[in-house]
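Fit chains B and C to the known structure of chain A by using the hints.
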Amino acid sequence: MANGQFPEALIQQLSQKFRDHHFGDVMVVGGGVSGIQASLDLASSGFKVYLVDKAPSIGGHMAQLDKTFPTNECSM
Amino acid sequence: METAAPFKEAIDELRENGAEAFKFCYQCGKCDTVCPWNRVRNFSMRKLIRETTFGLIEIEREELWRCTTCGRCPQECPRDVKQIDNIIALRRFAAGYGVFPGPVKPIRTVSGNLTADGNPFGEERAKRADWAKDLSVKTFEEGMEILYFPGCYLSYDARLKKVAAATVKILNKAGVNFGILGAKENCCGESIRKTGNESLFKRLARENIKTWIDHGVQKILVSSPHCYHTFKNEYPKEFKVNFEVVHISQYLYELMNEGRLRINKDYAKKVTYHDPCYLGRHNGIYDEPRALLNKIPGLQLDELPESREKSFCCGGGGGRIWIETPKSERFANLRLEQALAIGAEELVTACPYCITNFEDSRVVLGHDDLIQVKDITEVLQEVV
Amino acid sequence: MEGEAGDFQITLIKKPKYIDEDQCTGCTACVEYCPVKYPDPFNQEISQNKAIHIYFAQAIPLVTYIDDSCLYLKEKKCGICEGICKNHAIDFNQRAEKIEVKVGAVILAPGLEPYDPGLRHDYGYGQFANVVTSLDYERLMCATGPYQGEILRASDRKHPHKIAWIQCVGSRQVIPGGNSYCSGVCCTYAQKQVILTKEHDAEAECTIFHNDIRSYNKDFERFYQRTESLPGVRFIRSYVSIGREIPASKNVTIRYSTPDDGVKEEEFGLVVLSVGLNPPADYTALADKFGIELNAHGFCQTNPVDPMEATRPGIFVSGAFRGPTDIPESVFSASAAGSECGELLNYRRGKLTQARIYPPEKDVAQEEPRIGVFVCHCGANIGRIVDVPATVEYALSLPHVAYAQEQLFSCATNSAKEISDMTREKGLNRVVIAACSPRTLEPLFRDTLREAGINQYYLDMANIREHNSWVHSKEREESTRKAQDLIRMSVARARHLEPLQEFDLPVNKAGLVVGGGLAGMTAALSLANQGHEVYLVEKESDLGGMARRLHSTLEGLDVQQYLIDVVGKIYRHPLVHVYTEAAILETGGYVGNFATKVKSRGRVMEIKHGATLLATGAEEYRPTEYLYGEDERVVTNLELEEQIAGRDERLVGARSLVMIQCVGCRNAERNYCSRVCCSHSIKNALNLKALNPQMDIYILFRDMRTYGYYEDYYREAAGKEVRFIRYEPTDPPEVEPAVGEEGLGVLRVTVTDPILGKRLEIDADVVALAAAVIPSAGSQEAARLFKVNSNPDGFFKEAHVKLRPVDFVADGIYLCGMAHYPKFITETLSQAYAAAGRALTLLSHDTVVASGSVCEVNERKCIGCGACISACSYGAIEFRETRQGKKAVVNPVICKGDGLCNAKCPTGAISLKHHTDEEILSQIDAAVQP
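Protein chains in written order, with this note's numbering: chain A, 1 to 76; chain B, 1 to 384; chain C, 1 to 930.
Okay, chain A solo, but in the shape it has when bound (with noise of 0.2 Å):
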């Protein structure tokens, strides 16, 4: 480094640092049917969403209900 030169290893180690961030705006926890709709409320009002949830698809418990009252249609 003293002579102006990064070691290439350091190099490789910042630029996978910066590879292994991602950027967004929001993240969103919990992919049930709020989850769903604050993500999709806020990617159609401009910004970039990160929906995490624990199961292996969105859903949450709602995807669970055969149908929703009062109106008893499906729910999915």
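Any given hint could turn out to be false.
[To be verified] A partial selection of chain C residues facing chain B, derived with a Cβ cut-off under 7 Å: (1) V174; (2) V233; (3) I236; (4) K250; (5) T253; (6) Y256; (7) S257; (8) A718; (9) K758.
[Stated by the list, open to error] Calculated Cβ distances over 10 Å to all of chain A for the following chain C residues: (10) R348; (11) K509; (12) I564.
[What the hints assert, rightly or not] Derived lysine-lysine pairs resembling DSS-like cross-links, with alpha carbons at most 30 Å apart: (13) B:K82 to C:K758; (14) A:K54 to C:K98; (15) C:K720 to B:K82; (16) A:K54 to C:K797; (17) C:K797 to A:K67; (18) C:K720 to B:K237; (19) C:K417 to A:K48; (20) C:K689 to B:K8; (21) C:K720 to B:K8; (22) C:K98 to A:K48; (23) B:K82 to C:K689; (24) A:K54 to C:K758; (25) C:K102 to A:K48; (26) C:K689 to A:K54; (27) A:K67 to C:K37; (28) C:K861 to A:K54; (29) A:K54 to C:K102; (30) C:K861 to C:K787; (31) A:K67 to C:K689.
Think of the hints as simulated: they come from the structure by calculation, not from any bench. Positions of the beta carbon are idealized from the N, C-alpha and C atoms, including for glycine.
This is chains B and C only, laid out in the frame that chain A set:
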């Protein structure tokens, strides 16, 4: 339909007598659904609570005296209405006016006996230690490991004296250095308190506490869950005393674990265990009696359909042990049938009231030869 | 998580699925061969699933994952799936991956956990086979559930005939293991389950054991009545205990209490526990991670006047983590949290998003139709029933079909790319996709066509799943024939499809907010804080609406002080323009381009705005019951609140006060519950008790509807000896002037207490009526002007009760506050933020796209009868004077393409593009002439 106005003075008087949490009731009816009375006849705790809310109590009705304080409804009550406190307040209220309906009348005699002799039966105080005559039981002295407090039923009742004897036998086997107070022992006062006689309870309790202090008592062993409950919870609350209290089922379990007591015989019987209300629900002691029974080789322990937290009351608590109950309304009969239905040869429990009621049911139902009723100490004495 | 609002760094652990998601097509061949079975968590562990499986039938992403029960993961054995998978999607080398994300804000929407009834052992759950939770029951009823939608008992796999629901399991209780709050959803979901059960089996006998029935939300009261009126349905007011399990039948007995006949014990084939809502399972860990505080119940602590805000700046919360919440509130609180994020991050809006760029569109209108047909297997959904290869062969035999192929999942990213690639490669100019309902995936496939460089309206979808394989799963041959019929019809229609243009309309960035109450002001501020000009119109001379009459909330908010703050913010905000004493004269235009004439203080002006928010509030019913208006000692709840705030001497000195609930609603005339009155009465009672603890207060109610956390205040009031007396609508209380003790004039209230079995006579100094909340005159006026719908009770009707709760059907118009339905301040504020958030999804864009599938009028055929104008619910059609007289003309921007007008037109002058007679008739011809 009758019209009535809320009776403020009555509400105030009930409150002075300790009724407080009734105001939380939202009339869900849960108490009625778990109440053992509704297995034998209609009885509505909800209605009593509602009557308290408006001070519309008919004090001459027997309803006030039904509750066995089994503790089933307060345990389930979503609003924490503390039904037992409210019931006691109602009884204090009625007793204050000297109103005891027909079947409840014996309470008066019992109160008199307790006042005079320190026991509910009217037996002589001097004879309180007679049960121990042939058992060479020592009188308690300071420095002994533990005070054994058999209580009124084990001291005087013919059937229950056997339990006291069994207890002594086991304690001796384990080499426990214990003594009794004999004639200096008084009724614990638990049940008379539930009938609304607060002053008598306090008098009995004070005398007991004084005796214990005088004798340098630190640790007390009891056979009755009722004694246990009042010593463990009510004495400390009312009198700020702090004696160590242990129930025989806990104590034997302790002795067993410490290796002081050994089982050396088989007991090849099908038994079931009935949780006394004041041992189980009121004090959370469910596991030690079962653990004891399960240690006995050959013994097959089957659970009753309503056990542990849901245990079905024998009918003896809350002063009901002294109140006349028609045959068709005795909870103990149902309980005995439950035990028979699961094929038990012995119904084991750990409370003198329960034993009294079950023994009575055995005779009344004609099941003498089908099933035995035993205290847990009676089972243990045969295998140690 | 580290950092602060605007700059958070979050580290995520992405758990391995052991599946390469880009390679997996979701074909489920691996699932079939996987030897490991374990209880399926999605089906509440009622049925088994494989170690490798798709989480649930409609999962997104629709790919498999491998569970911990996998033999390979546990013992390095098996690995069958690796050999089965043709796409080499299985990857056992995947490891948990650490991902770092930088964001400006976080929305926590972790949801809820159903209450576990095993905790208290009190209903035999986990002990008796035929006791299930309501969530178990949801799965039992569901077509994708453990028994394919057959409601079967665990003990014998038979249909239960007598079913009981037990309400408030885990809720409204202060015993250990329970929750003191009301979960707010169980009454109505149990009713839903009863209705659905009766649809499964009309003979089923359903009994709901309950305490209060809490039908406090919009249309819930009717829903309750609908349930109650079904044959074989009983509502029994009693909490219950489980009696026993009958050994032979495994039926379960329930003991319940009746006021007149004591306790009864009854046998049921199945018992459903209506379990309440708990905070998410890992709530303390979650709170620690994000550095937020929780309330006493373990839900997120929020601010009553900023109800989406967690205690740490930059962290917002939506959905059930805020407390027990139903679906509409979960959805609108999400939009509201979105709006709050928007306020925080407005400076960076649009910086990280990218616009899609499509290839130029090829003009193929003059070409001979060259149709491509893509037949989807939908995993096994279609492929296992319909002979897909034979259907592809058949499609190739149809006229104009130039190409056909099968696809495992047409909607998968690689399949969609295949469609656009093949369209280009084979020179296709029409595409038929034989798959599922266009309702869900048509937008995706239209996009695929745009990618392929042809007009997106050259697409037709043949629904061979919902309309075919799902409903004819047992008739394979016929099902294949029907698939072919449907494809033939689609191909016939596709021949006639025309290219349609969607047009971009400019969006005016300003918003109009009608109604200057808390709802309107809050929405206006949220819009303005995101850089939008807002016009706030209020009919009164002062802002504040209903809140001007409120002084406190149960949570302890000083409403008047808060109102002063908000009004101050409104007047200070440079982007908010306030018009008071204002009336709307007329309004017109369409999404993104509205124009409204407002008259305020004698001046008339025209406001141009892109979005409209209606927050026109509600009013208090003026009772005609219980001597109101005749005796000044009878007041309404709001009047009582005024008197409490003013420390009215006669009130504070009253010895006895009676409140009567449900005055003017829950009756034939107003068949709804006003939602706020139970808690309002409790608030007044608590405030009165604070002023005069000696006052005897009685609340005469039908059902106490203190849902959610309000239940705690109900108990608190009971603890302060407010006495609650239930009355039946058939035997309402009576109020009459009388002379009481000491010869003083009183109001004598007589009411029957069902538990006491007596008529109670109460001498009251004051009687307060919980008067209904009724729609405002302003709302009715707004509904007329803005051509928006109201429900039968006169409250605004949202586009979709659950999924679009603050949108109107008409684009660009949103609603919030009491105009939607009576609600509390906190709820109003959430909804106001939500309306702003939804408006932002429009206003943040420069343009809005209008559909090409709209109506047009053939002027030569139009006779100017106006039938189409009256048929149109959107006001999209107007008359225009021409030399041939009045002619109808469609404003394509407003037209929603529902085609109602087409059916009404007597001369066939009006037609709907993309659904022309020619297109539809050719389809019908193809159906009848194979």
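A718 (chain C) as chain B interface residue, shortest Cβ-Cβ below 7 Å: Nearest chain B Cβ about 5 Å off; hint holds.
May I ask you to test the interface hint for V174 (chain C) with respect to chain B, counting a Cβ-Cβ separation under 7 Å as satisfied? holds, 5 Å
Has the given pair, K54 (chain A) with K758 (chain C), been kept, meaning a C-alpha gap of at most 30 Å? Distance ~56 Å between K54 (chain A) and K758 (chain C) Cα, so the pair is violated.
K861 (chain C) and K787 (chain C) were given as a pair; does the straight-line alpha-carbon distance stay at or below 30 Å? With Cα atoms ~28 Å apart, K861 (chain C) and K787 (chain C) stay inside 30 Å; holds.
Is the straight-line distance between the alpha-carbon of K67 (chain A) and that of K689 (chain C) 30 Å or less? violated, 44 Å
Given the hint that K861 (chain C) pairs with K54 (chain A), does the C-alpha gap stay at or below 30 Å? violated, 60 Å
With a cut-off of 30 Å on the C-alpha distance, tell me whether K417 (chain C) and K48 (chain A) pass. holds, 24 Å
Satisfaction of the I236 (chain C) interface hint, Cβ to chain B closer than 7 Å: violated, 10 Å
Within 30 Å, alpha carbon to alpha carbon, are K54 (chain A) and K98 (chain C)? Within the cut-off at roughly 14 Å; holds.
Restraint outcome when K758 (chain C) is required to lie within 7 Å of chain B by C-beta distance: holds, 5 Å
Would the hint on Y256 (chain C) be counted as holding, given a Cβ-Cβ threshold of 7 Å to chain B? holds, 6 Å
Does R348 (chain C) really sit off the interface, with its C-beta more than 10 Å from all C-beta atoms of chain A? The claim breaks: R348 (chain C) does not keep its Cβ more than 10 Å from every Cβ of chain A (closest is about 6 Å).
The structure fails to meet hints 2, 3, 4, 5, 10, 16, 24, 26, 28, 31 from the earlier list, while all remaining hints are met.
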